Structure formats: structure tokens, C-alpha cells
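*Asks:* These are the residues of each chain, in order.
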Amino acid sequence: MATLAVDITHQDATAFVRHTPGGVNELDLIVEGAHCAGCIAKIERGLTEMGAVKSVRLNLSTGRLAVQFEGHDGLAGEIVSKLKSLGYPARPYAPETGDDPRAKEEKRLLRCMAVAGFAMANIMLLSIAVWSGDGEMDETTRTLMHWISGLIALPASAFAGRPFFESAWRALKARSVNMDVPISLAVILAIGLSIYEASTGAEHTYFDASVMLLFFLLIGRFLDERLRARAGQSARQLAAMQASVAHRIDDQGNVQAIPAQDVQPGDHLLVAAGDRVPVDGEVIEGEGSVDAALVTGETQPLELEKGSEVYSGMINLDAPLTIKATAARSDSLLAEITRLVEAGQQSRSSYVRLADKAAQLYVPVVHTLALGTFILWWVMGGEVRPAILNAIAVLIITCPCALGLAVPAVQVVASGRLFKEGVLVKSGDALERLATADHVIFDKTGTLTEGRPRLINADEIGAESIELASKLARTSRHPLSRAIADYTGMGDTADAIDETPGGGIKGHVAGRDIKFGSARWLGLPASPDDGSDNLEAWLVIEGQEPVRFVFADQLREDAVKAVDDLKHRHFQTELLSGDRAGPVRSVAEALDIDKAESGLKPQDKIARIQALIEEGSYPLMVGDGINDAPALSAAHVSISMGSAAEISRSAADLVIQGDNLGVLGTAVDIARASRRRVFENFALAAAYNCIAVPLAVFGFVTPMIAAIAMSASSLLVTGNAMRLMRR
Amino acid sequence: MTAMLWLIPAALALGLLGLGAFFWTMLSGQYDDMKGAAERILMDDDKPIVDDEEDH
Numbered sequence: 001m002a003t004l005a006v007d008i009t010h011q012d013a014t015a016f017v018r019h020t021p022g023g024v025n026e027l028d029l030i031v032e033g034a035h036c037a038g039c040i041a042k043i044e045r046g047l048t049e050m051g052a053v054k055s056v057r058l059n060l061s062t063g064r065l066a067v068q069f070e071g072h073d074g075l076a077g078e079i080v081s082k083l084k085s086l087g088y089p090a091r092p093y094a095p096e097t098g099d100d101p102r103a104k105e106e107k108r109l110l111r112c113m114a115v116a117g118f119a120m121a122n123i124m125l126l127s128i129a130v131w132s133g134d135g136e137m138d139e140t141t142r143t144l145m146h147w148i149s150g151l152i153a154l155p156a157s158a159f160a161g162r163p164f165f166e167s168a169w170r171a172l173k174a175r176s177v178n179m180d181v182p183i184s185l186a187v188i189l190a191i192g193l194s195i196y197e198a199s200t201g202a203e204h205t206y207f208d209a210s211v212m213l214l215f216f217l218l219i220g221r222f223l224d225e226r227l228r229a230r231a232g233q234s235a236r237q238l239a240a241m242q243a244s245v246a247h248r249i250d251d252q253g254n255v256q257a258i259p260a261q262d263v264q265p266g267d268h269l270l271v272a273a274g275d276r277v278p279v280d281g282e283v284i285e286g287e288g289s290v291d292a293a294l295v296t297g298e299t300q301p302l303e304l305e306k307g308s309e310v311y312s313g314m315i316n317l318d319a320p321l322t323i324k325a326t327a328a329r330s331d332s333l334l335a336e337i338t339r340l341v342e343a344g345q346q347s348r349s350s351y352v353r354l355a356d357k358a359a360q361l362y363v364p365v366v367h368t369l370a371l372g373t374f375i376l377w378w379v380m381g382g383e384v385r386p387a388i389l390n391a392i393a394v395l396i397i398t399c400p401c402a403l404g405l406a407v408p409a410v411q412v413v414a415s416g417r418l419f420k421e422g423v424l425v426k427s428g429d430a431l432e433r434l435a436t437a438d439h440v441i442f443d444k445t446g447t448l449t450e451g452r453p454r455l456i457n458a459d460e461i462g463a464e465s466i467e468l469a470s471k472l473a474r475t476s477r478h479p480l481s482r483a484i485a486d487y488t489g490m491g492d493t494a495d496a497i498d499e500t501p502g503g504g505i506k507g508h509v510a511g512r513d514i515k516f517g518s519a520r521w522l523g524l525p526a527s528p529d530d531g532s533d534n535l536e537a538w539l540v541i542e543g544q545e546p547v548r549f550v551f552a553d554q555l556r557e558d559a560v561k562a563v564d565d566l567k568h569r570h571f572q573t574e575l576l577s578g579d580r581a582g583p584v585r586s587v588a589e590a591l592d593i594d595k596a597e598s599g600l601k602p603q604d605k606i607a608r609i610q611a612l613i614e615e616g617s618y619p620l621m622v623g624d625g626i627n628d629a630p631a632l633s634a635a636h637v638s639i640s641m642g643s644a645a646e647i648s649r650s651a652a653d654l655v656i657q658g659d660n661l662g663v664l665g666t667a668v669d670i671a672r673a674s675r676r677r678v679f680e681n682f683a684l685a686a687a688y689n690c691i692a693v694p695l696a697v698f699g700f701v702t703p704m705i706a707a708i709a710m711s712a713s714s715l716l717v718t719g720n721a722m723r724l725m726r727r
Numbered sequence: 001m002t003a004m005l006w007l008i009p010a011a012l013a014l015g016l017l018g019l020g021a022f023f024w025t026m027l028s029g030q031y032d033d034m035k036g037a038a039e040r041i042l043m044d045d046d047k048p049i050v051d052d053e054e055d056h
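So the sequences go chain by chain: A and B. Residues 1 to 727 (the working numbering) make up the first sequence, in order. Residues 1 to 56 (the working numbering) make up the second sequence, in order.
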């Protein structure tokens with residue numbers, strides 16, 4: 001289960017309670033830390049002990065807990081606390097509205113696969129009878145067998161072949177061909193021919209081969225769809241885990257928790273200190289500062305006052321603010337970013353997948369061969385029947401099954417491995433694009449760095465002063481206070497604490513006044529700008545010299561490894577950031593990145609990426625902030641962190657859960673290995689065809705040979721794909 | 001010959017039964033939580049839940 005780097009301290013579960021007719025309330029939660037039978041038992045029985053809870057069901061695969069309870073909505077909070085006390089922190093989860101089309105397609109393919117499998121097995125039952133009775137079985141019995149096979153094959157292939165028929169029809173209407181055209185043609189012709197043969201009492205029918213063809217191809221399609229569906233589900237789950245809550249103030253001044261998507265423009269919302277701003281808005285009351293790192297990449301907090309604009313994603317730092325939600329104006333930052341993201345995704349969809357490239361070559365060759373065979377036999381023999389028979393045999397034997405399985409089999413195994421490493425792959429072609437990437441672009445804040453300040457001069461200060469500062473800091477949510485509180489851990493706090501927004505905190509410890517805050521608030525002279533852009537705060541203990549605390553946004557531990565790994569894999573490295581020149585330069589030097597640019601807006605990042613694409617490079621973009629989202633969708637392939645803003649996570653092709661940058665090198669290796677396997681599979685399929693097609697052209701292919709050839713080639717291709725599991 | 005006349009339909013009927021059963025399992029959501037189903041058989045109904053975490 002992914003752990004969120006962002007601390008969502010008190011997501012209000014009451015906002016997510018659903019009321020059903022019958023007085024029963026429903027609540028969905030995502031639970032962390034459940035991994036075995038004991039956990040299931042603890043959670044389900046522990047909650048059932050609460051009298052109000054009527055039913056509890058934990059889905060161990062997704063971590064989702066479905067609770068039904070009676071009573072008032074506030075019980076939701078009690079349920080969350082009970083879970084926490086049992087040892088399983090839980091967050092509310094906003095389930096998807098309506099049915100997901102991906103999941104429906106997956107289920108449909110599974111149904112077609114089941115029917116095709118059933119038909120294949122039962123027809124094979126009869127075919128084997130016919131093949132073993134060769135020479136001994138009399139004609140009537142054989143014809144009976146053929147008719148029963150036809151009885152099974154007709155409805156089964158009409159049902160199970162629908163995905164292919166529909167896709168082929170769509171392609172033909174658009175005056176183009178795809179892989180499904182020869183497949184549909186082969187199936188329809190084979191069944192038509194077999195019916196004719198059965199009615200004339202002939203020796204061979206191809207019912208088994210056509211249904212087997214459908215079965216193997218459906219396996220390939222199902223795997224491909226499942227890959228996308230599972231990735232989509234995980235991605236939505238990440239998004240739902242960060243489902244935001246807004247606190248709406250109504251006319252009487254009551255505050256009510258609602259899901260952020262229910263906010264209407266013009267609503268007055270209360271944003272408490274520590275909360276994320278749920279929607280774009282304008283400050284109407286209060287002043288303080290916000291952390292805009294996710295939005296602009298800057299590590300310095302922004303000062304706000306009445307009338308200032310705030311954007312969704314900013315974190316309110318020190319004082320409660322009342323904001324008025326604004327409708328998404330067409331020139332607002334988020335609207336601009338959304339437009340840029342959509343433009344990027346449009347150009348992305350023109351990427352032609354490897355499988356389709358193979359199809360473009362395969363389709364004309366196969367059709368020509370089949371036509372040639374038909375003409376050859378007709379001209380040479382003068383009879384139509386053997387000509388048609390052999391032409392259809394050619395169509396069946398060239399076995400698109402191997403091709404249809406070649407790519408999905410590899411991609412499923414590869415993404416399974418990546419999933420174990422904590423990388424979520426959104427689709428098969430994301431892997432293909434990652435394999436060809438040669439130029440990596442990093443964002444700075446939140447990607448290469450942790451995205452929040454850390455205390456860096458602890459040694460100079462001394463444990464006693466730090467402890468005194470933390471007694472004050474523990475009560476505040478300012479990033480600098482958080483940094484100190486994280487450093488020292490939990491503990492007690494000072495007395496008579498008073499926090500001034502944008503200034504500092506003061507309190508009383510052991511009879512002495514202590515103050516902790518900015519130089520300006522404390523009346524101290526400001527430190528000269530040493531160009532490092534480090535944040536500072538001062539601790540003033542009554543009667544002593546002020547102590548200086550220095551903070552900086554630290555590099556992630558594995559950032560050095562990540563950059564090194566990619567350089568070893570022949571990537572050009574580049575850093576594009578919206579932050580100021582000083583921090584950008586120092587990060588670039590620390591990590592030995594070839595090029596770095598600072599102060600960039602989203603449009604500038606896109607411009608740079610497009611310039612690279614025009615030069616012929618294949619840029620890989622790694623980012624997390626809202627300001628990275630357009631670049632993520634414009635790049636050849638993109639990766640986002642698991643803790644990234646939602647729009648970035650959905651714009652990226654791969655998501656690194658747990659923010660583990662070090663896995664980048666491994667991901668590229670797996671992508672490149674998959675590409676090799678796919679080409680090997682294509683080669684195997686081509687080799688197989690070189691042997692099988694001459695056999696078919698010269699009339700040596702019987703249904704038995706066709707069936708064996710199909711199964712063998714599919715097994716070969718899948719077996720080769722499984723090699724990816726080890727390396 | 002007469003044996004085949006009822007054996008083959010019998011085989012097909014059994015096969016259809018299997019297919020129907022598969023569809024039923026799909027529709028009743030039995031594939032939604034494979035890990036959970038695997039773990040639930042290990043749940044012990046007789047032992048009381050101990051409060052402190054056992055080592056796994």
C-alpha cells in the first residue's frame with residue numbers, strides 16, 4: 001500500500017457518509033497495514049463490536065473497507081478512531097461514481113474468453129474422436145460429429161468473436177485495416193467453409209481451428225485490457241485516498257464538512273491551519289501564509305491578505321482563512337494547466353503501438369498470400385473447392401495468435417514486476433515509450449528534493465536549544481515548525497503558547513519567556529543573503545543570545561543514485577524548475593546534472609520538451625507539481641511521484657509509489673528488456689510462419705495440424721514472455 | 001451408436017453447467033478480492049482476538 005508523503009491529519013470522514021433508503025449509512029475507507037487473516041479478523045470483529053455497525057467487509061487486495069452502520073453521521077469519526085486504536089489507520093475514500101468502462105470491457109472479454117474456451121474444449125472432444133477414428137469411422141458418424149461441432153461453434157464464435165468483428169468493422173468503415181480484419185475474415189470464412197464441407201459429407205472441417213483462434217486471441221486482448229484496468233484502478237485509488245474535504249460555512253455561520261467536489265462557486269469555505277486549499281478561491285477574511293510548492297515549485301511560503309488569490313493544492317500554514325470559492329475562470333492557473341495537459345495527451349494518442357506497427361506489415365502480406373494461393377490452385381487444378389480450402393488454411397495458419405499474444409504477454413509480465421518494485425504502469429505503450437527514452441528531465445521541488453524544509457545545522461545549535469524550540473514548534477503547522485517537531489519527535493509543549501501568523505510563536509518554559517520565529521518579527525537584524533536561499537528562524541530565550549536555525553529543502557536520499565543510474569544507461573540529464581536560480585544551481589551541482597534552468601513556467605517547460613522532440617530526442621519527464629502536469633503529458637514518456645498532485649499523477653505514464661526515486665534505473669531496464677522480448681516474439685512468430693505458410697499453400701494443412709501449430713506457437717510466445725520474470 | 005446419442009449431449013450439458021457456474025462466480029463478485037479469499041480460510045473462529053500484534 002502506498003504511504004502518503006503528505007500528512008492528511010484530520011480528513012473528516014463524516015463528509016463521505018452515504019445515506020441509503022432504509023436508514024442504513026454506508027462508508028468506504030482505505031485501510032493501511034492489513035495484510036493477513038489476523039488483520040481481517042481484527043478489523044471486522046473489532047468494528048462489529050461497535051453496536052451501531054451492521055456490516056463490515058474488508059477487501060484485502062485493494063485495502064478497501066465497506067462499512068454499514070446505523071445512527072448519526074458523527075459515528076464515522078468513531079469508526080476511524082476505533083480502527084486507529086486497533087492499529088490500522090484509515091482514510092475516507094470517495095468511490096467512483098457509476099461503472100468504470102474499463103472494468104466493464106475487462107469483464108466482457110473474460111466472458112467471451114470463457115465461452116470460447118468452453119466451445120474449444122468441447123469441439124476438440126469431437127475432433128479428437130474423428131482424428132483417431134481416421135480410416136475406421138464411417139461417414140455418417142463423422143458427419144454427425146461435424147454437425148455437432150458446428151452447432152457448438154456457430155453460437156460460440158458469434159458471441160466470442162464480437163470484440164474482433166466490431167473492431168474490424170470500425171476500421172473498415174474508416175477505410176483502414178487493423179489486425180482484427182484478417183482475424184475476423186479467417187474466422188468467418190473458416191466457419192462458412194466448414195458448414196459447407198459438413199453438408200457435403202467431406203473429410204475436414206475447421207470448426208476447432210476457428211474457435212481455438214478466437215480463444216488464444218481473446219487471452220491476449222484480456223491480458224492487455226486487464227493491465228490497463230488494474231493500473232486505472234490503482235491510479236483512481238491513489239486519487240481517492242487524497243479525496244479532499246472542504247469546510248463550508250453557511251449563512252448562520254455553521255461549519256459543515258463536505259467533499260471538495262460538491263463545492264459551488266461563491267461558497268464560503270473555512271481553511272484551517274494545516275489544511276490544503278480544496279478549490280481555487282479568493283481570501284475574504286484572515287491573513288497568513290501558504291505553501292505553494294505543489295503549485296509553483298517555490299519553497300518559500302507565500303504571504304496572503306484579504307483579496308489574494310489561492311489555488312487548489314496550496315497548504316495553509318499558520319492561521320485560519322475564509323475563502324470564497326471562485327468558478328474556474330478561463331484564465332485561471334488551473335484552467336490553463338488543464339488545457340495544456342489535454343493538448344499534450346492529444347498528441348500522445350497518435351503514438352502507434354508496436355503491435356499495430358506489426359499489423360500494418362502483417363495484414364497486406366497475409367492477404368496477398370491467401371489470394372495468391374487461391375489463384376494458384378484454381379488455375380492449376382481448375383476446381384474451386386481445393387482453392388478455397390487452401391486459401392483459408394493459409395489465413396488460419398499464419399496464426400495471428402502468436403502476434404496477438406506477443407505483445408500483451410510481455411507487457412503483463414513486465415508491469416507485474418514493476419508493480420512489485422513500486423512502479424505503477426498505466427498502459428502497455430507506456431512501457432514501449434520508456435524503453436526508447438534517451439533524455440531525462442527532472443523537476444526539482446518534490447521530485448529530486450523532499451519538498452519540505454529540514455533542519456540542517458542541528459550540530460551547531462545543541463540539543464537543549466532544539467528541545468526548547470520544539471516545545472513551541474509542536475503546536476504549529478508552519479513548515480519550519482514541522483521540521484523541528486519531526487526532528488525531535490513527540491513530546492510536551494510549552495505553556496501560554498501564542499502564535500502570530502507570519503511571525504512566530506512565543507511561550508513559557510520553566511519560568512522563562514521563549515520566542516521562536518522570523519528575524520523580522522523578533523526585531524533582529526536580517527541575515528545577509530548568502531545566495532543559498534536557505535530558510536532561517538531564530539530562537540530567543542529570555543536573557544540569552546539568539547540562536548539561529550537554518551533549514552533547507554533536502555535532496556532525496558536516492559536522488560544521487562537515480563541520476564547516476566540513468567547516466568549509466570546513456571541518458572542525457574536536465575533539470576527544469578520553477579524555483580529560483582540559487583537552489584536550482586546547487587541541486588544541479590550536487591547531482592551532477594548536465595543542464596539546469598530555473599524560474600520556468602509550465603509553458604516554458606513544454607517549449608523545452610517540444611524542442612527536444614523536434615531535435616529527435618525522446619524525453620522522459622519526471623515531476624510532481626501541478627506546474628509539471630503539462631510537461632508530463634507533452635513528453636515522450638513521463639513519470640510522477642506517488643505523492644504528486646492529482647492532475648500530475650493522471651497526466652503521467654508511470655507513477656512511483658512511495659516516492660522511491662532509486663527505482664528509476666530498474667524501471668528503464670525492465671522496459672528495455674520487454675522491448676527485446678517483444679521483438680524476439682515477433683521473430684519467433686515470423687519464423688513459425690515461414691515454416692507453416694508453405695505447408696498451407698501446398699495443401700498439407702489439415703485441421704489437426706492447424707490446431708497443433710496454433711497451440712505450439714502461442715505457448716512458445718508466452719513462454720518467451722515469462723523469461724521477463726527473472727530478468 | 002445409441003450410446004453416443006445420449007453421451008454426447010450429456011457431455012455438452014455438463015460443459016454448459018460448468019460455463020454457467022463460471023458466469024455465476026463472475027457476477028457474484030468472487031474474483032474481486034483474491035488475496036482476501038486466500039487469507040480468510042486461515043481465520044480462526046474459536047480463538048479470541050489477542051490485542052497485541054503477533055509476530056508474522
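Just so you know, the hints here were simulated from the structure itself, not pulled from any lab data. Only a predicted model underlies this, so the values are computations on that prediction, with no experimental measurement involved. A few of these clues could be false.
To be verified - No more than 25 angstroms apart at the CA atoms, straight line, and that leaves these computed lysine to aspartate or glutamate pairs for DMTMM-like:
id : chain 1 : residue 1 : chain 2 : residue 2
1  : A       : K54       : B       : D44
2  : A       : K306      : A       : D250
3  : A       : K54       : B       : D46
*Asks:* Give a verdict on every hint.
*Replies:* Tested hints:
| no. | hint | verdict |
| --- | --- | --- |
| 1 | A:K54 x B:D44 | 21 angstroms, holds |
| 2 | A:K306 x A:D250 | 20 angstroms, holds |
| 3 | A:K54 x B:D46 | 22 angstroms, holds |
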